[in-house]
Amino acid sequence: MSKVTSSVLIGATLYEFRMQLRRKALWIATGIFFALTLFVSQGPWQFPSSMLVIQILAFWTQELQTFMPVAFGILLADRLPRDRLLRADELLDSLPGSPSERFLGKYIGATLATLLPLFLIHLAGVVYVAVDQASAEAIPLGLAMFAAASLPGLLFVAAFSISCPVVIWVPLYQFLFTGYWFWGNWLLQGPQSPLYIPVPTLSGTLLTPAGYYAATGLFGVPDFVLRATAWEGLSSIGLLVAFGVAALDAAHRYLTWRKSTR
Amino acid sequence: MAAQLIRYELRRLGWMGLLTPALVTILFCGLALLMTLGGADKAQVSRILVAGLELGLPLAAGVVAAGIAAEEPAIDLQLALLTHYRTTLLRRLALLVAWISLFAFAWSVALQLLGLWSLRVPEPFLVGQLVWVSPLLWFVAVGAAVALVLGGRSVSGALLGGLWTFEILFRDLFLSKDWLRPEFLFATTYTPGAEYWLSNRLALISTALVVGLAVWLLSSRTELMAKGGEA
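If you read the protein sequences in the order shown, they are chains D and U.
Here the first sequence stands for residues 19 to 280, numbered as in the working numbering.
Here the second sequence stands for residues 5 to 235, numbered as in the working numbering.
Think of the hints as simulated: they come from the structure by calculation, not from any bench.
No residue lacks a Cβ here, since even glycine has one placed at the ideal position from N, Cα and C.
Relax, there's no trap hidden among the hints.
The calculated SDA-like cross-link candidates involving lysine to any residue, where the alpha carbons are at most 25 Å apart (straight line), are:
1) U:K46 x D:F200
2) D:K42 x U:I79
3) U:K181 x D:E81
4) U:K46 x D:P216
5) D:K42 x U:A78
6) D:K277 x U:G18
7) D:K42 x D:L54
8) U:K46 x D:W201
9) D:K42 x U:L154
10) D:K42 x U:V215
11) U:K46 x D:L205
12) D:K277 x U:M20
13) U:K181 x D:G61
14) U:K181 x D:Q60
15) D:K277 x U:W19
16) U:K181 x D:F52
Among the chain U residues that face chain D by a calculated CB cut under 7 Å, a handful are:
17) T24
18) L35
19) L38
20) G42
21) L63
22) A64
23) V68
24) G156
25) S158
26) V159
27) A162
28) G165
29) W168
30) F170
31) F174
Residues from chain U that face chain D, not an exhaustive set, calculated with beta carbons under 7 Å:
32) M20
33) M39
34) A44
35) V67
36) G71
37) G161
38) G166
39) I172
In isolation and in its complexed conformation, chain U is listed as follows (with noise of 0.2 Å):
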């Protein structure tokens, strides 16, 4: 019954959807590729592989979930069915991250034994998953709540995006502010082994839990989602 459950929800991500951590690598290892032959030495690739991981992946997952919350053909049926939709929309949420979570650690154990892991990441290699478990997690609960907030799949996807340019731009900024800097997403791509890296990581995941609970608290709320979509 679960692995039904799984294969429906799988195919329901569509093979776009799937698909999309692997286009994320192969977009960073691209990029890594052509660094390399315009002469990068290895710190610089290790960089930008890494960044991917903090970078890329997470906001794909971020908007990906703003869809998945956001689009429920069906939000009419569920709430006619025993298993709440709030169940529902956390199974297809932890999917997301199992899923992405396994390209991310397959790459993060790719740089591993190239050795590119350890120039940019000085954290024993467990520890070092935090690099893009906690922006992961921090991405998909914020995309699914905005979503559910808001009601729709583009204003969810332009605020984590802006917020993500924002992040990057405006760094000096978040690592300036005592109050801001536990909530810098990319601390890894642009303060590499600060003392503070991993509070930093664990306030993210934090945050991630209390909007997760919002999500839940939300998505429990079935009735207001059975208005229907935006134009």
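Chain D on its own, in the form it takes in the complex (with noise of 0.2 Å):
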């Protein structure tokens, strides 16, 4: 790696994760969506003493995937089409350095930003769980269960949401994310629900971003959402990583085939 591409991916990665962390929107969003998430979810104050420290773990991490990746992604949607608004994309590209390395960066600073406040909730429940359990170990059982469980999910969520407002109208894709969410992960009933209709779903398998087959199977919670072996787990968690990537190689060629045209 050249000097000058790293100091660009560097310099974006820092620039782009200062101004994400400091936009009001996302301390907003992220405080509303964990109120709702409380009111209807259980702390890791409420649930049962009877429960296993690995249970308690795994349901504080579900709760909070359940719709707050929901904000995940729509806050992390107008980073991209931001440049182009402010007309700043031309002028940044008469810069040394690729676009490649601008757009890894944003990539970069900007999930992690917005992955800071998620991450200080999970911890925060995590280290309650700790004390209250009096379990040194389910500091490190909690960290690795959100890298695991949480983080290749939110690392897709933020791949797409980065990527596909290239060529998608924000609030389009800001709705269709929306319906995603809820399509992709929580469709799925069983034949005997009344609710039950036949829509084909992402629910259920191995790329469900919600992240219940890492959690299952590389963990071996008991009475979880589902059961899964630990091969399961890692392939779900690989492709998960590598659609993400996928999208993200798709949306840079889409960005260097548009500036060669320009």
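Using the hints, put the two chains back together into the complex; each one sits in its own frame.
Laid out in structure tokens, this is it:
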């Protein structure tokens, strides 16, 4: 990696990180979504004492992954179109360094900043569980659970939310992403349910970003959403990361092509 | 003059904005087609297509409305015009509602002609239009209000998407609490023919009118919007 390349990547990452972190929208949306999550779900202090530490951690991770990623994805969706809206893209194109580094820097910086409030909320719950259950191992377990069950899905969401608005109008993407989150994660109900409709869906497949394959497969959480093997957990993580990388690659190729035809 | 204004506002909405309801229609029709190929019966196909009217079009309208309210590049100029900005904003929102309503009404007529409407909506056809009218007005009013209060398209889109997902995922909570039930947006999709259906629809319209009044008042304070957009 040349000096210019690395400095552009680092500069774009740090700038995007700071810019996203200072947006009031990030904190307002995350705060409201978290309040709604607590309103309808259990906080770590409300789980029955009979539950195992790993079960509490898995359910806590799952609760945060239920619909908070909707805010996560939507808050990232306007990052790339913003450059075009402010007419900064042409100026940036005239500077040293290729669009690839700026694009990657935007993805890493904005994603890390948007992840931070989610991670802090997750960590607060994990620390509470560790103290309440007098279990020091809850902290590494909780961090591993975040890395395996939450992070791949969030990175997948971030990759599509940064990439898709390259070609899709932002409000349309916001609508499509919201619909996708329900359709691709929570639509599945058994045929015995009176609400069952045989809609084709990604929900319940390895490509479900809610992360329950990894939680069950890698951590062996008993009585969880579903049963999965370690191989299925790893496959789910691999698929989510691979599709995310593919989305970023496609967007990058499109941006390079657009620049060359300008 | 009015026709010129309407043409201008439609151009301002852009072809993506104009095509959004068509894309929603195509999306739900595609799902219905896949379901049909997968062996779904008529009642199930009817459910997804009516759900598209109640869940799909109103959310799309709300997100677009938030964008309209949050973004006015010439807001400083609006301050100097004889026509108040609140009039301009309400005209834009009304035009959006009218445009989406055209699609929604055509959609419901098509379902009626195909014999799918009455399978899901037991009310008379015209009263049954409240399936989409109520959530449409609610989403447009709330989307515009949130955008004016918080001043950003992203945060408004996120909150609308969150409320939409929240009401669907935790519908049992909304249906079991008397004080939440009037604000349940998807009564046709999840509890068709319920005795509270009409009162729920009217309550949603009432909420939309109250929030619409807030939009009117908020958009009167143009100078507050002239401070620049969010990073």
